[in-house]
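Asks: Single-letter residue listing:
Protein chains: 4
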Amino acid sequence: MSQILKGVYVILPTPFDEQRRIDFASLKTLVDFELNAGVHGITLLGILGEVTRLSDTEKREITRAVVNQVNGRVPIVAGTGASGTDLAIMYSKEAEEIGVDSIMVAPPRLLKPNDDAIFNYYRDIAKEVHLPIVIQDEPTTYGVHMSPTLIARLSTIEKVDYVKLEDAPTPLKITAIRNLIENKLGIFGGLGGLYFYEELLRGASGIMTGFAYPEILIHIYESFTTGRRDSSRNLFYTALPLIRYEAQPLVSLAIRKEILRRRGLIKSAIVRDPATKLDLETLKEIDELLQIIKQRSP
Amino acid sequence: MSQILKGVYVILPTPFDEQRRIDFASLKTLVDFELNAGVHGITLLGILGEVTRLSDTEKREITRAVVNQVNGRVPIVAGTGASGTDLAIMYSKEAEEIGVDSIMVAPPRLLKPNDDAIFNYYRDIAKEVHLPIVIQDEPTTYGVHMSPTLIARLSTIEKVDYVKLEDAPTPLKITAIRNLIENKLGIFGGLGGLYFYEELLRGASGIMTGFAYPEILIHIYESFTTGRRDSSRNLFYTALPLIRYEAQPLVSLAIRKEILRRRGLIKSAIVRDPATKLDLETLKEIDELLQIIKQRSP
Amino acid sequence: MSQILKGVYVILPTPFDEQRRIDFASLKTLVDFELNAGVHGITLLGILGEVTRLSDTEKREITRAVVNQVNGRVPIVAGTGASGTDLAIMYSKEAEEIGVDSIMVAPPRLLKPNDDAIFNYYRDIAKEVHLPIVIQDEPTTYGVHMSPTLIARLSTIEKVDYVKLEDAPTPLKITAIRNLIENKLGIFGGLGGLYFYEELLRGASGIMTGFAYPEILIHIYESFTTGRRDSSRNLFYTALPLIRYEAQPLVSLAIRKEILRRRGLIKSAIVRDPATKLDLETLKEIDELLQIIKQRSP
Amino acid sequence: MSQILKGVYVILPTPFDEQRRIDFASLKTLVDFELNAGVHGITLLGILGEVTRLSDTEKREITRAVVNQVNGRVPIVAGTGASGTDLAIMYSKEAEEIGVDSIMVAPPRLLKPNDDAIFNYYRDIAKEVHLPIVIQDEPTTYGVHMSPTLIARLSTIEKVDYVKLEDAPTPLKITAIRNLIENKLGIFGGLGGLYFYEELLRGASGIMTGFAYPEILIHIYESFTTGRRDSSRNLFYTALPLIRYEAQPLVSLAIRKEILRRRGLIKSAIVRDPATKLDLETLKEIDELLQIIKQRSP
Chain A
856 MSQILKGVYV
866 ILPTPFDEQR
876 RIDFASLKTL
886 VDFELNAGVH
896 GITLLGILGE
906 VTRLSDTEKR
916 EITRAVVNQV
926 NGRVPIVAGT
936 GASGTDLAIM
946 YSKEAEEIGV
956 DSIMVAPPRL
966 LKPNDDAIFN
976 YYRDIAKEVH
986 LPIVIQDEPT
996 TYGVHMSPTL
1006 IARLSTIEKV
1016 DYVKLEDAPT
1026 PLKITAIRNL
1036 IENKLGIFGG
1046 LGGLYFYEEL
1056 LRGASGIMTG
1066 FAYPEILIHI
1076 YESFTTGRRD
1086 SSRNLFYTAL
1096 PLIRYEAQPL
1106 VSLAIRKEIL
1116 RRRGLIKSAI
1126 VRDPATKLDL
1136 ETLKEIDELL
1146 QIIKQRSP
Chain B
856 MSQILKGVYV
866 ILPTPFDEQR
876 RIDFASLKTL
886 VDFELNAGVH
896 GITLLGILGE
906 VTRLSDTEKR
916 EITRAVVNQV
926 NGRVPIVAGT
936 GASGTDLAIM
946 YSKEAEEIGV
956 DSIMVAPPRL
966 LKPNDDAIFN
976 YYRDIAKEVH
986 LPIVIQDEPT
996 TYGVHMSPTL
1006 IARLSTIEKV
1016 DYVKLEDAPT
1026 PLKITAIRNL
1036 IENKLGIFGG
1046 LGGLYFYEEL
1056 LRGASGIMTG
1066 FAYPEILIHI
1076 YESFTTGRRD
1086 SSRNLFYTAL
1096 PLIRYEAQPL
1106 VSLAIRKEIL
1116 RRRGLIKSAI
1126 VRDPATKLDL
1136 ETLKEIDELL
1146 QIIKQRSP
Chain C
856 MSQILKGVYV
866 ILPTPFDEQR
876 RIDFASLKTL
886 VDFELNAGVH
896 GITLLGILGE
906 VTRLSDTEKR
916 EITRAVVNQV
926 NGRVPIVAGT
936 GASGTDLAIM
946 YSKEAEEIGV
956 DSIMVAPPRL
966 LKPNDDAIFN
976 YYRDIAKEVH
986 LPIVIQDEPT
996 TYGVHMSPTL
1006 IARLSTIEKV
1016 DYVKLEDAPT
1026 PLKITAIRNL
1036 IENKLGIFGG
1046 LGGLYFYEEL
1056 LRGASGIMTG
1066 FAYPEILIHI
1076 YESFTTGRRD
1086 SSRNLFYTAL
1096 PLIRYEAQPL
1106 VSLAIRKEIL
1116 RRRGLIKSAI
1126 VRDPATKLDL
1136 ETLKEIDELL
1146 QIIKQRSP
Chain D
856 MSQILKGVYV
866 ILPTPFDEQR
876 RIDFASLKTL
886 VDFELNAGVH
896 GITLLGILGE
906 VTRLSDTEKR
916 EITRAVVNQV
926 NGRVPIVAGT
936 GASGTDLAIM
946 YSKEAEEIGV
956 DSIMVAPPRL
966 LKPNDDAIFN
976 YYRDIAKEVH
986 LPIVIQDEPT
996 TYGVHMSPTL
1006 IARLSTIEKV
1016 DYVKLEDAPT
1026 PLKITAIRNL
1036 IENKLGIFGG
1046 LGGLYFYEEL
1056 LRGASGIMTG
1066 FAYPEILIHI
1076 YESFTTGRRD
1086 SSRNLFYTAL
1096 PLIRYEAQPL
1106 VSLAIRKEIL
1116 RRRGLIKSAI
1126 VRDPATKLDL
1136 ETLKEIDELL
1146 QIIKQRSP
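Chains as they are written, first to last, in the numbering used here: chain A, 856 to 1153; chain B, 856 to 1153; chain C, 856 to 1153; chain D, 856 to 1153.
Simulated from the structure, these hints should not be mistaken for laboratory data.
A hint or two may mislead.
It does not matter which identical chain is meant; a pair holds if it fits inside one copy or across any two.
Unchecked claim - Below, in silico cross-link-like pairs of lysine-lysine (DSS-like), each with a Cα-Cα straight-line distance of 27 Å or less:
id: 1; residue 1: 1139; residue 2: 967
id: 2; residue 1: 1149; residue 2: 948
id: 3; residue 1: 861; residue 2: 1139
id: 4; residue 1: 982; residue 2: 1132
id: 5; residue 1: 1149; residue 2: 1139
Since this is a predicted model, take the numbers as computed values, not measurements.
Throw the hints in and build the complete structure from the sequences for me.
Replies: If you want it as structure tokens, here you go:
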């Protein structure tokens, strides 16, 4: 099996203007920045893209805009999961038609956990699309816990080629999955990069995250994959204060949008409601962290 | 304050054909049946309508079809809640334009409970619409627990005129809310009618539920509101075996669709996946219950 | 395999005095009442016994008091689950030494669902006791969802001979378990008896519940097991208004204690805090229901 | 109001021998190590002490052993929360009699969130004890989300003098609480120290955590409180790789016990079941992290 997707995939946030409409100009700026920074791929319509707060039309428009802007330079992964199988199939087919390279499918919310229902959901979606599928293992938002055993079982479905982990502790989960199915799935880490170095050590193919300094993650990844582990680890440790700061629940996206705004990449840091607002102290803490990251970066 | 909505509001299921596409012919048959049965109003795009498994386009089409078919004969309430405020406003405005009489708004999912966020959500939606709003208090699906104190606070928002309860025990919650704000909100019971008689005793304005024999609920309601409490209670007790049977978690909707199919109102009992399938024993139990309900009905 | 436990097992509440200390005199009165009513067994230290609000000493004292009072007249099942394996083993051994006939083991709370961890927990407990084990499948309180597949797997552990279901819908779960392992486990229904008739139809060995009129459940059970199904069903339907009323979440135990108090079986209806208090309307509704149950009972 | 407790409070793990019995010798070694390291206080019977897996007798024995070993050298805080008010009062009184200086009270588990029930719980406990009370704000284990508004309300109860936060993001929560009640409560941070520097910046009085290198936290704290913020921050950043590594859900305690074992402070790293076991890669990652922490420590 050939796993083409690997490396640092940035999860795109959705920039909004002051009226909370999609700011497509900023979206294009952001895409170009990420590509110039050297990301290996782009993931859109993830939690970080506020996918649960976008209309079907908005999702299509974002997908089209990003596909056009990327223009084949790197692979694009689109989030297409839904509460129901039919809706997920519809989103998946639309994304395929627009021209993404892979779909990332979150499990459906279930009142009661049920491995068979989840298996059937992925199987039924896989039947209807021609693209490789990334399992989105994100229990915090979707409330579904996928065991390594279930993920191994999902890997028997044709086209299910990747898993993207947000289920902490990700390092142990990578090892548990690989003990069951070796490299049958390409594994992407997550959690904002908090365990990126360990994820790579354990055999991750890369990471998908919305960290606002993708160039640092790329450095870490490339040092690691070219055998310079000490260098990779040192870069990682240097970035940890900010990685950790961005990883705070509830405010993670707001912090990232604020940093992207300061970097001149998006016009407004607005997050769609309901959203926890950054307080003044957070803005000051961001000041301090960005100063330090600039001093300490190579 | 004038609360116009009261009585038995049936929550419409969404009929699908064997390819799981919306079956609009059955939808119209169903609407006519409900109106002939004498329901006081119709609620669409609730949990029972599989709203979380419909595309935005499908939601609009269902709303249009029902508004056309009802043609002003009874008030229509449309579910328009969403994970985010902007999306809920969009759904609400669309429903208003199509011509519904009220919107029923579920709270947004939140990683952490937060009364202020919920208040702001309802306040922001109320600013953008002209219709009366029904608070949908449904913690099982949405994971949000609204205390009587919060509901009382929401009632201070102009246009928030009703609450529909699914938070057991509903009888005590009705009393707790009325102790705080008397009749400021019209209160609809739920839970499939399992406590309908007690809800009425406690001052409910009516019920919203998808029980497959709306004519029985109407009988109970009209006996009650015309002062024949013993008769109302006896009718209620007679219907309890079926009410209780339909109220089973996970399979409630599938049981109702199966009964509606047997009553000749919809062509197929299909529920969109992931869904727990009825087993053979359930089909037999439905046989027995329907025989008895026919014998015992007045 | 011989499954000795079957029939109507009453789950004993823990009576408290006005200072919220255990009222052992009432406990003895209650035990004698249940035995005179004809229950086939007694279950203690369940959720309904407020087990999560008892000290280790209190648990021991209750177990001793009940074992003494029952004095071998019917089998006794004691709840001995815990958050950890070692603690569950300790409780189980203590119950065994005091002289109960079986232990009912709830799963441990887990931050993340994990079938293997649950299997190992039951296996390790089973190694340390000599009594038959009842799996307590109660997701509402313990937050653990056990699939029929997991329950079938647990049935391979020696001494794991029974399961007591509180996971709605229980009728379908009974059938799903029996489809996997036939009669390898004796299955007890629950949910306050709300689906008792269907549970029996599906092959349940009995029920464990704290319904305040055990004599009615015994009637239903004995009619059923002696082949008088219509009679059993009619008795069940007659009791449904009260069964349903007692089954209300949050206040179920308080309602039952209030009824037991009115029946002269316990001195006080006090429930340990935090507890939702019954309002005046609830007390009136109980009046009405008890009058009717007396009129309608055979 | 005088808040005496402040600084670095280590949460003691409970050392077990190979038979999973409490290893009191290691417990004493550990206490002496912590005091020599300079901790400002000791917290026992927290989540990290596996409190949910200890019998009542074991809790008492641990409390006695630690009180004896500390012998008045630093204040001791004992966890005494419970699922019910009466049980929490019993634990609190026992801890008071044995001689601890403060009690840390976790909220009771509730099927439905309910601010009034939580308020009454703390109020009723406070009536029965003479010690200052620390609110344990730990939603992950106890499932109770306490809003800043509720915490402010709890601070009106006499003796409720502190709050220990585990509810991420803790920095924003500290500010939100202080905006409501200034310094009415002493606030301890948590989350394994992941935001310790920001917590101090926001006005935390200290931290309670089980980080296995308390001497580093003490350094950070003392640098901070003596006005050397840059030094404090640099120390914090240096420790972040390990702080972050120990903070992994599910395996945090196992990692800490393994490190304490390597430091010669406890004989065995055993954690009571059900527990996620450390895999070989984790042991290697600990090797690497400990080497680095030794190189980088001042």
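Asks: Indicate, hint by hint, whether the structure satisfies it.
Replies: Right, here's what the structure says about each hint:
1. Proximity of residue 1139 to residue 967 under the C-alpha cut-off of 27 Å is restricted to the inter-copy arrangement: shortest distance 25 Å between copies versus 43 Å within a copy.
2. For the identical chains of this complex, residue 1149 and residue 948 are neighbours neither inside a copy (43 Å) nor across copies (47 Å), given an alpha-carbon limit of 27 Å.
3. For the identical chains of this complex, residue 861 and residue 1139 are inter-copy neighbours only, at 25 Å across copies versus 35 Å inside a copy, given an alpha-carbon limit of 27 Å.
4. Taking the shortest Cα distances, residue 982 and residue 1132 sit within 27 Å of each other only across copies (21 Å), while inside one copy they are farther apart (42 Å).
5. Taking identical chains as interchangeable, the C-alpha atoms of residue 1149 and residue 1139 lie at most 27 Å apart only when both belong to the same chain, with a minimum of 16 Å there against 32 Å between chains.
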